[in-house]
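Chemist: Spelled out from the first residue to the last, the chains are:
Number of protein chains: 6
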Amino acid sequence: MTRQDGRAFDELRPVTITPNFVKFAEGSCLIQCGDTMVLCCASVEDKVPPHVPEGAGWVTAEYSMLPRANRERSRRDISKLKLSPRSAEIQRLVGRSLRAAVDMNKLGEHTITIDCDVLQGDGGTRTASVTGGFVALSLACRKLVEAGILAEDPIRHFVTGVSAGIVDEQPMLDLQYSEDSRAQVDLNCVMNELGEIIELQGTGEGRAFTAEEQQELVRLCAKGNRELLNIQREILKR
Amino acid sequence: MTRQDGRAFDELRPVTITPNFVKFAEGSCLIQCGDTMVLCCASVEDKVPPHVPEGAGWVTAEYSMLPRANRERSRRDISKLKLSPRSAEIQRLVGRSLRAAVDMNKLGEHTITIDCDVLQGDGGTRTASVTGGFVALSLACRKLVEAGILAEDPIRHFVTGVSAGIVDEQPMLDLQYSEDSRAQVDLNCVMNELGEIIELQGTGEGRAFTAEEQQELVRLCAKGNRELLNIQREILKR
Amino acid sequence: MTRQDGRAFDELRPVTITPNFVKFAEGSCLIQCGDTMVLCCASVEDKVPPHVPEGAGWVTAEYSMLPRANRERSRRDISKLKLSPRSAEIQRLVGRSLRAAVDMNKLGEHTITIDCDVLQGDGGTRTASVTGGFVALSLACRKLVEAGILAEDPIRHFVTGVSAGIVDEQPMLDLQYSEDSRAQVDLNCVMNELGEIIELQGTGEGRAFTAEEQQELVRLCAKGNRELLNIQREILKR
Amino acid sequence: MTRQDGRAFDELRPVTITPNFVKFAEGSCLIQCGDTMVLCCASVEDKVPPHVPEGAGWVTAEYSMLPRANRERSRRDISKLKLSPRSAEIQRLVGRSLRAAVDMNKLGEHTITIDCDVLQGDGGTRTASVTGGFVALSLACRKLVEAGILAEDPIRHFVTGVSAGIVDEQPMLDLQYSEDSRAQVDLNCVMNELGEIIELQGTGEGRAFTAEEQQELVRLCAKGNRELLNIQREILKR
Amino acid sequence: MTRQDGRAFDELRPVTITPNFVKFAEGSCLIQCGDTMVLCCASVEDKVPPHVPEGAGWVTAEYSMLPRANRERSRRDISKLKLSPRSAEIQRLVGRSLRAAVDMNKLGEHTITIDCDVLQGDGGTRTASVTGGFVALSLACRKLVEAGILAEDPIRHFVTGVSAGIVDEQPMLDLQYSEDSRAQVDLNCVMNELGEIIELQGTGEGRAFTAEEQQELVRLCAKGNRELLNIQREILKR
Amino acid sequence: MTRQDGRAFDELRPVTITPNFVKFAEGSCLIQCGDTMVLCCASVEDKVPPHVPEGAGWVTAEYSMLPRANRERSRRDISKLKLSPRSAEIQRLVGRSLRAAVDMNKLGEHTITIDCDVLQGDGGTRTASVTGGFVALSLACRKLVEAGILAEDPIRHFVTGVSAGIVDEQPMLDLQYSEDSRAQVDLNCVMNELGEIIELQGTGEGRAFTAEEQQELVRLCAKGNRELLNIQREILKR
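Chains as they are written, first to last, in full-length UniProt numbering: chain A, 1 to 238; chain B, 1 to 238; chain C, 1 to 238; chain D, 1 to 238; chain E, 1 to 238; chain F, 1 to 238.
Hints were generated in silico from the structure; no laboratory data involved.
All C-beta atoms, glycine included, are put in the ideal place defined by N, C-alpha and C.
Careful: at least some of the hints might be erroneous.
[Stated by the list, open to error] The calculated PhoX-like cross-link candidates involving lysine-lysine, where the alpha carbons are at most 25 Å apart (straight line), are: (1) A/K80 x B/K80; (2) C/K82 x D/K80; (3) F/K80 x A/K80; (4) B/K80 x C/K80; (5) F/K47 x F/K106; (6) A/K80 x E/K82; (7) E/K223 x A/K80; (8) F/K106 x F/K237; (9) E/K106 x E/K237; (10) E/K223 x E/K237.
[As the list claims (entries may be wrong)] Residues from chain D shown here face chain E by an in silico Cβ test under 8 Å; the list is partial: (11) N70; (12) I78; (13) Y177; (14) D180.
Please put together the full structure from these sequences, using the hints given.
Modeler: See below:
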């Protein structure tokens, strides 16, 4: 048995990250993981939300799908007057993941908002948003340093994200939509460059899963995250 | 070093589940885990959302905190015209967890909505909602069987949820708010009666964590879930 | 002819008020009038809305029913993005009633918000909110005095509320839902400890009513309010 | 002591009702009570809301103030995305009052919506909406009979509304804004042509009031309502 | 071939402007163009939106139709929780048109909001809003000068608006609804007293149109605008 | 005097249209006009809105800017719970323009929605949306014919849009943002392949303009539209 697109079970889809895809954002990239395409833009503001300690900064994320990113058109959030609950869940995950990458004291009283807009969705959009969002964030931080606004780069470590799952009883890395939609177990894992876990979300869609299966999926994700890390290093030359 | 309330590191807070706390819902309970109090109500409707296959049923959950469930009053969602993104995230978790407990074909064309309203929040409200929500769901299913509406109880297995975390480098079970608010790592784990995982969510709040630490937290949760399972069995006599 | 539950026509349902039902609110109680259960919480903030004269305080109320408080589940306000117009009407009544109890100059620049959340509704939820809301308000004021924040208790007088109605041409006190739903006339009356009226709302549901009938209903309410006053005095020891 | 505008204490402001002020509505009028101006339009639809028994009709009301109806401009509801709670309260009162005027079985499966839009507000807008709304409703019903859509006029009785209040310890009829804004007690009373009460709302704004005071205010309203009834009869020739 | 109401092709409907129709607004009028009736109110506030340069003022407009202004009742914006997109488009046009009439430096740090509420709509409501809105704006500016708040009248020039269209291949001025609803081309034109264009909007409803046809429609509008200007001069005595 | 980017006054910015930029939409393209980038997607549904005559189809458009499409980040519509009024205005223009291109009877009972999402905005986004939207629409129609769903291509004629304006008293074609933001007059013109006008919108931003100036701007637009038409023909091979 092989995968629909001929990949090995522990193989990522082809990944392309185009930095500075748009020109106004302080940092941006277009990340493509197979057919999944996410535009990630980092915007810097000179203020922070009220809950942030004095002198510290803040990092947050927003996530949205364009109406025709998927096989069927979805109505825009604004036409339903509700942020999609799925988007709410995802942007909280992306925000937590990217916040972990930044030393808030070095960032100072700035807010960086990472907008992740899915132009095309074919599975793995939340982890692509983490991986691409880190590139946009990192480019924005560098610009702040180069402009003399920050004394030091506030990035503490790299952040990448990838999914793994069990399909037809077979654990596999980086599910595309056709696999994801019939997965028995689905797990997303965000890691730093040491392979430590920042966020972990696992769901038994069709059945429960054992602690051993869970560990196997984390191992697959660790492999994928190492490869994504190398792509980030290449792009960011850091 | 001991915990603030004298508990052992692998000890649950006292748990009380009062079944049928309110009388109109098909199933209900008030679950108290220490000072956390959640009212869980299961409501049955004779219709299903459009995406459900013909002949099958559906289970969904809603989660909300009363305005003064916490140390500070929060404005109601309706006064902000936005479902709290945190509530959106939690009710998706509770819904997935409880859906996993039900055989949708045995449920037939009914929707069961589990409303989890937090009267008082002192940490662990999402997992209390899962554990209490299962009791409400289970009581409602029994009523459907007793009323002759269902031929067979659609409950496939028990579902319980509990959290664990690392505080001051010490892994511990069932964090209360004073622990949760300074936890380095926080992990929620929903399991069935075989100790298999249904949902897993781990977050490095203050630092990343290793796969070994993650496994230790899952082991703590497994112990807590076994104890919660016994309390559910007692209440439900099944 | 007697009432469904054997009560005399001028008899209240059994009333229980549990003070301090939740622990974070500055004042709280659970009020039960027969099967009606309302959780009332008073929250104090150190600011007032813009329309309040300098140096004075403010008291306001919010009212909501949990989705399964009634025989049928209702969708949450947030899922309809509209405050229920009935809730809007009721919380204005509760707010006016409780504001009348407080000397705003003695309260100083604080806002007290009384949240009335109906856990179970079996008729008379708005007047139970007034009666229970007063207990929560009074407990919160006492706490402000005990904490030295206020020099003097700002409570000017007690406030209680009860309904009466005409069912099958028979005037009766404190309608439960089964009576309320077929009442010809329905009247709510909020009074102080002198038996003076603070709020009066009467509606001819099935037919118009005479001034004499209206006076008879106010007399019934006066009796009920006297009894509720005694229960408040007992609880509050004032 | 006399009133600001020289009126006797039991005297209405000058009332003008211009029927058919706009031409598309099935019934309409502009009602002016002193400087208060409300445009009332009745619209007929061939359907009823789901809760209405088969074969019966429905009457409902909507109330709104134009942004500059008052001394200060108010933001529109839509710019706040919230129906003003005061409008919610008032339109429920107007709706109940006008529903009481109609035999729903004679109306058949039609909904009549009475839109009451305040062009200028100088006190008494809710009762002017009731009095003017009845004229619009009555004209619409007549049109339905004339068009052969209804066999019989469904109007059961006339409905008028007026306010009274206590200002500087003096009971007086039909408060204008300068009186209303400093009234100690404010009472609205909706009656039929027999002088029976349909809706009664009394509020102690500055102080509580006795049952005797309340009766005196109802007597004043009864006088005012008789005069309004005569104006309606004149306009409607019925 | 003549027009339904006997008008010549280049003839306006009868226009009546009643200044000071309501008394609280700083400036107001009721404008009637045939059966179209719009209430225009100008409200002055002592503040400006953030984007306005220091020392300068701002003029903005809001437009809305009453629910029964038209042949069929429309739901209110607030009941749909959405500003009608048509209203959004129109109020932007009215705002731009009236802003062009005012010297913002002479206005100083004031905002004038022109509320245009359509009481009855029979075609041409947006241009009637411009023409009537200018009268309300102008009256409000005069009041500011008379009150000594402004040193000098900030009105730079008159503003009028009118529509023209092609119906059955015949260009004609000032379409009423019965013409507008079957027009092939519809063009709105806002001009100053020199006959210069401030706003121009043309739409090919049924077919595209040539530059020559477009010029002919502008010429018709210029004639109508000259006549509206004379009516404004008469009313405003300026 | 020359333009900032060296263009002649009657010269378009470089235009690139990438058809099929995303793969799920029935038709799509990315249009770039200088630095303006708009993703246009056409989605087909097998139903029509209620106002459409039986047997006929419908074409509509939605327009939105990504949060960081511009020099400053804008909050998303959903976070303000309001469709931007500017977006409302634009999507009505785009919808009318593209509807004019289609024979609704040949389209049959299908709705085609054109989503125009601005990835980067540097002036002219609304006319780029029309020009790119036509390509997406046309590709979708072709697919419907190729799939045998439609017997005949419902496209009646080409549609292109471009802006012109007067900057420093100089008429010029296709304003970029740095020109647009200080334009005295701004005019958008949508045309078919015969050079006939479908939509025309002109605004005197800084001053009014004469009919002659307006004609000159239409002539400039006509030149630009001819060139855009050639690019569309090239892409669409029709």
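Chemist: Each of the hints needs a verdict: does it hold here or not?
Modeler: Tested hints:
| no. | hint | verdict |
| --- | --- | --- |
| 1 | A/K80 x B/K80 | holds (16 Å) |
| 2 | C/K82 x D/K80 | holds (12 Å) |
| 3 | F/K80 x A/K80 | holds (13 Å) |
| 4 | B/K80 x C/K80 | holds (13 Å) |
| 5 | F/K47 x F/K106 | holds (14 Å) |
| 6 | A/K80 x E/K82 | holds (10 Å) |
| 7 | E/K223 x A/K80 | violated (45 Å) |
| 8 | F/K106 x F/K237 | holds (21 Å) |
| 9 | E/K106 x E/K237 | holds (21 Å) |
| 10 | E/K223 x E/K237 | holds (21 Å) |
| 11 | N70 | holds (6 Å) |
| 12 | I78 | holds (4 Å) |
| 13 | Y177 | violated (10 Å) |
| 14 | D180 | violated (15 Å) |
Checked against the numbered hints above, the structure violates hints 7, 13 and 14; every other hint is satisfied.
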